[in-house]
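Peer 1: Chain residues, written in single-letter form:
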Amino acid sequence: MSILGQRVLRTEDPKFLTSGASYVADLDLPGALSVAYVRSPVAHALVRSVDLDAARRAPGVVAVFAGADVDAGPMPAEAPGAPAAMRRPLLARERVRFVGEPVAAVVATSRAAAVDAAEAVVVDYEPLPAVVEPEAALAGEDLLFPEAGTNLVVEMDFGRTDAFFDGCEVVVRQRIVNQRVAPCPLEVRAAAARVQADGRVTYWVSTQAPHSARDTVAACLGLDKAEVHVVTPDVGGGFGAKIGSYPEEVFVAWLARRLGRPVRWVETRSESMLGLGHGRAQVQEVEVGGRRDGTILAYRLDVVQDAGAYPSVGALLPFFTRMMATGVYRIERAEFRSRTVVTNTTPVVAYRGAGRPEATAAIERAVDLFAAELGLDPAEVRRRNLVPPDAFPYTTPTGTVYDSGDYRRDLDLALERAGYAALRAEQAARRAEGATRQLGIGLSTYVEVTNGLPGGEWGSVEVLPSGRATVLAGTSPHGQGHATAFAMLAADATGLAIEDIDVRTGDTDLVPRGGGTMGSRSLQTGGIAVRQAAETLVEQARRLAAELLEAAPDDVVHDASTGSFSVAGSPTTARSWAELAAAAAERADWGRLQAEADFTPPGPTFPFGAHVVVVEVDTETGQVQLRRVVAVDDAGALLNPLLAEGQVHGGIAQGVAQALLEEVRYDAEGNPLTANLADYPFVSATELPSFELSHTETPTPRNPLGVKGIGESGTIGATPAVQNAVVDALAHLGVRHLDMPARPERIWEAVRASSGTTSR
Amino acid sequence: MIPAAFEYRRVHTVEDAVAQLGELGDDAKLLAGGHSLLPLMRLRLATPAVVVDIGRVEGLSYVRDEGDQVAIGALTRHRDVEISPVLREMVPLLAHAASQVGDPQVRHRGTIGGSLAHGDPASDLPAVVLALGGTLVAQGPGGRREIPAGEFFTGFLETALEPGEVLVEVRVPASPGGWSFQKFNRRAQDWAIVGVAAVRRNGSSGVALVNMGSTPVRARATEEALASGASVADAAALAAEGLDPPADLNASPEFRAHLARVLVRRALEEAGG
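Going line by line, the protein sequences match chains F and C. Using the working numbering, the letters of the first sequence correspond one by one to residues 387 to 1146. Using the working numbering, the letters of the second sequence correspond one by one to residues 3 to 275.
The set of hints was computed from the structure by calculation and includes no laboratory data. Glycine residues also receive a C-beta, built at the ideal position from the N, C-alpha and C atoms. Among the hints, a few may not be true.
What the hints assert, rightly or not - Straight line, CA to CA, 25 Å or less: simulated SDA-like cross-link-like pairs of lysine to any residue: (1) C:31 with C:204; (2) F:401 with F:391; (3) C:31 with F:391; (4) C:31 with C:21; (5) C:31 with C:246; (6) C:31 with F:501; (7) F:611 with F:893; (8) C:31 with F:1006; (9) C:31 with C:148.
As the list claims (entries may be wrong) - Far from chain C, by Cβ distances over 12 Å, these chain F residues were calculated: (10) 445; (11) 549; (12) 646; (13) 878; (14) 928; (15) 973; (16) 983; (17) 1118.
Said to hold, decoys possible - If you want the footprint, here are the derived chain F segments under chain C, 3+ residues with CB under 8 Å: (18) 423-437; (19) 730-743.
With the hints as extra help, turn the sequences into a complete structure.
Peer 2: This is how it looks when you write it as structure tokens:
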């Protein structure tokens, strides 16, 4: 029986659960200096002067630098089409553009000394008006980059038709804020660098993409890529926010070269809340039109994307929003426009889903608004409009080609598992009795894009004379379980035991090329590459075994259950992997028993599913209690259901958190109000019920294993289901929409506004 | 975050603590469980020159049945208050409220004396002791004195403790009758957005509110209405009367006042007559 599809326990966990992982902060770097950054306390200002003298005299200080001292950077452009003037310097120079932007760096013999001395740096700021709201940025009265002449970073406008809603009996419109959230990986950002004897720079960084980190450091410092060696130790979460490089990280490499000593920077949580990129941050106008029978005919989505102070990956999120704007529905007409602007806030980056949760939230709210307007059951309106299973491959009106799906099946399964009819009956009963705690039932039927950007991945498998195998891959895990998944793929192809396979990633000297781990791409790119490398290796081993056994390669049988090669009909002649590797090592024409592969899929894949969420809302206090999350997810063929469920669990938790709790907030001057985990309500286990998970498996034709990605389905599917459930609980009181998060006061206000009564 | 540099001194007796405070004045802060002081120091909102650690002072962690009241040592941790059989029987409101403070880590480190001496209007236990009509015992250079809870909380993070005084004991009357603790927050580990502690016995009522002003406060209008025979609903409607609740990310003053009215009604209904 194949190991694929089995609930194989994570091989990573014994280490994480016992001795612990090794993060950048844990690296043994004798003599390493510590860096502390002096950060702007104002959102928008001209920097009149930076006085470093007192800091230079502080105990333990080795060097202090301001922006004018730095002959490196700026950061490479991450958002194609963005004005060149918007590129980010390593340290701010004449202008600061968000609270938390580094202005100076203090290097000292200890972290405490660096932090103390940083307080002695005196910066003279001349405040400028802060642009905080993206819609204000669009108006363009105050500019972050006067030399660019605009706050607009990039625009995608596919035109607007006056007659767009002709033929629609009903048109519903809503402004929706998909609020800014903080990714909050448990491991904050960290980087370290050391110049080696040969002049190369070794650069350790907590990242999702080591090769692009290497390229960024090389570009900023004017080095050849070969002069930079990136090593990624264990990474304690990234959620998209560690895809790109940050100035504070790159600057560590500059410091190591400038000072000739190893240098390390590990940020605090308070710094991370300001410096690590934020996610989401879209203001959406949705319009949906259709017939009174529930048929949707036309959908228009107009997005203003907040990129924060410097355009990064966040500037591109609308690209993904557009790809799946019409969701799982067959809608004849769709129009999309997006405008990305800069504001005096922390830069926006990718966050678990990156543009796709925003798309799903918009269309799933729109469908519920449409159903409510018509007085129809939202489940029924969804059924009426789903793309049917025989329509695949299906081309959406925004030009995306969905690979495979059976949306109706997953919706029906989720409703059945939830006991939908009984829930509606209980809801009706509570409404009839005027209960204080009302029941809300929220649906979300979603499709998403995994591996959404072009590109492939490299993988390699080598068997050593010891009998152990090494798998290398260009992907770079940070919690997903690749060591388990990729070992399963290699074990299944070769017959080696999983425990005899070491999976290594995140070292640019070992791994020649790689895209990294993001966008739920790793299994369908890196995993397939490893699989193909393993299959190639088996054929190589077959040839070597044939030489040793003096047989024709076609007569050599590979027994994948034992990992041995023998001549057909003569099992006693079997050669093990270890024997073959030893033989290869002795033969000049072989040397190593190793194979590699590059796999580039023909396009993205489109996982889908249906989530049903049940909440109780206290109509007096606005308190929301999450009662149930019923999720049916389909990510194609499942390699390891245990890993898939882990991904779904974490994603749902983060989706619930966005729907109910989390929001990064600023005051009108751009001062952050949620800069630590006391003020920013990170979700905890207490707020979450046990999730009720199911999977269906609809393979994709876009890779040999039929697998899609599952890393982000939770935030994409669950978030709007929770939001819809909260609105549903209050619908009978006249509430038709609530932005996320469902703060108690927001609910109280909505109930008051709808019922026209004041508080009792 | 990394706190500013400070000197650390450990004392083993209350007398030593009092002496240190006398010597150092405003430069010193007492450290007990550390769950209020250390976060402030790590954010550099508090930068004491000397931290005087009283965590190992002996004989300050106890719960004693004294007949009509219970005496609790200031270093008694929240968890020990929560599970004390004496308190569960004699002052169940306090034992229950202690179980709602923060999370398990906080409850195993934080102390009742530290929580009260910090004087945070958003903390649970100050309002509970206020509702119970407790007494706080302070020890200073001149010996011990008793301070009624109603006179203890004087301002935001300010108490009636004199500069050289250490809070050594909390005394609460036995209150085995009806009680309720309503803690309204978004996450279990959070401070209350609004909280209500209520006790009712022999026709008298104690009602105090969490996070409804610059100090923990009694809902006086509610208490007086109940004393003059008002219904629970009518009395609860007065819960925010005369109060000036704060605004923050979770609630406006108006919403806090509304929550206080709803939660006081629920508390009184739960506490019964």
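Peer 1: Run every hint past the structure and note whether it holds.
Peer 2: How the hints compare with the structure:
1. Among the hinted pairs, residue 31 of chain C with residue 204 of chain C is inconsistent with the structure: their alpha-carbon atoms are about 42 Å apart, more than 25 Å.
2. Under the criterion of a C-alpha separation no larger than 25 Å, the hint pairing residue 401 of chain F with residue 391 of chain F is consistent with the structure, at around 24 Å.
3. Taking the CA atoms of residue 31 of chain C and residue 391 of chain F, the gap is about 59 Å. The hint is violated against a cut of 25 Å.
4. Taking the CA atoms of residue 31 of chain C and residue 21 of chain C, the gap is near 13 Å; set against the 25 Å cutoff, the hint holds.
5. The straight-line distance between the Cα atoms of residue 31 of chain C and residue 246 of chain C is roughly 29 Å, outside the 25 Å bound, and the hint therefore fails.
6. The hinted pair formed by residue 31 of chain C and residue 501 of chain F meets the criterion: a straight-line CA distance of about 22 Å does not exceed 25 Å.
7. Straight-line distance between C-alpha atoms of residue 611 of chain F and residue 893 of chain F comes to about 13 Å, which keeps the hinted pair within the 25 Å bound.
8. Distance hint between residue 31 of chain C and residue 1006 of chain F is unfulfilled; the C-alpha atoms sit about 42 Å from each other, more than 25 Å.
9. A distance of roughly 22 Å separates the Cα atoms of residue 31 of chain C and residue 148 of chain C; the hinted pair therefore holds under the 25 Å criterion.
10. The beta carbon of residue 445 of chain F is not kept farther than 12 Å from every beta carbon of chain C, the shortest such distance being approximately 10 Å.
11. Distance to chain C confirms residue 549 of chain F as a non-interface residue, since its nearest Cβ pair spans about 45 Å, more than 12 Å.
12. Non-interface call for residue 646 of chain F relative to chain C: holds, since the shortest CB-CB distance, roughly 26 Å, exceeds 12 Å.
13. The Cβ of residue 878 of chain F lies farther than 12 Å from every Cβ of chain C, with a closest approach of about 43 Å, so its non-interface assignment holds.
14. Under the 12 Å C-beta cut-off, the non-interface status given to residue 928 of chain F relative to chain C holds; the minimum distance is some 58 Å.
15. Distance check on residue 973 of chain F: its Cβ is at least 58 Å (rounded) from any Cβ of chain C, clearing the 12 Å threshold; non-interface status holds.
16. Every C-beta of chain C lies more than 12 Å from that of residue 983 of chain F, the closest at about 47 Å, which supports listing it as non-interface.
17. Against chain C, the non-interface label of residue 1118 of chain F holds: every CB pair exceeds 12 Å, the least being about 20 Å.
18. Interface restraint, the stretch 423-437 of chain F with chain C: violated (0 residues with C-beta to C-beta distance below 8 Å; minimum three).
19. With a cut-off of 8 Å between beta carbons, the stretch 730-743 of chain F has 0 residues touching chain C; three or more are needed, and the interface restraint is violated.
Violated hints, in rising order: 1, 3, 5, 8, 10, 18, 19; the structure is consistent with all others.
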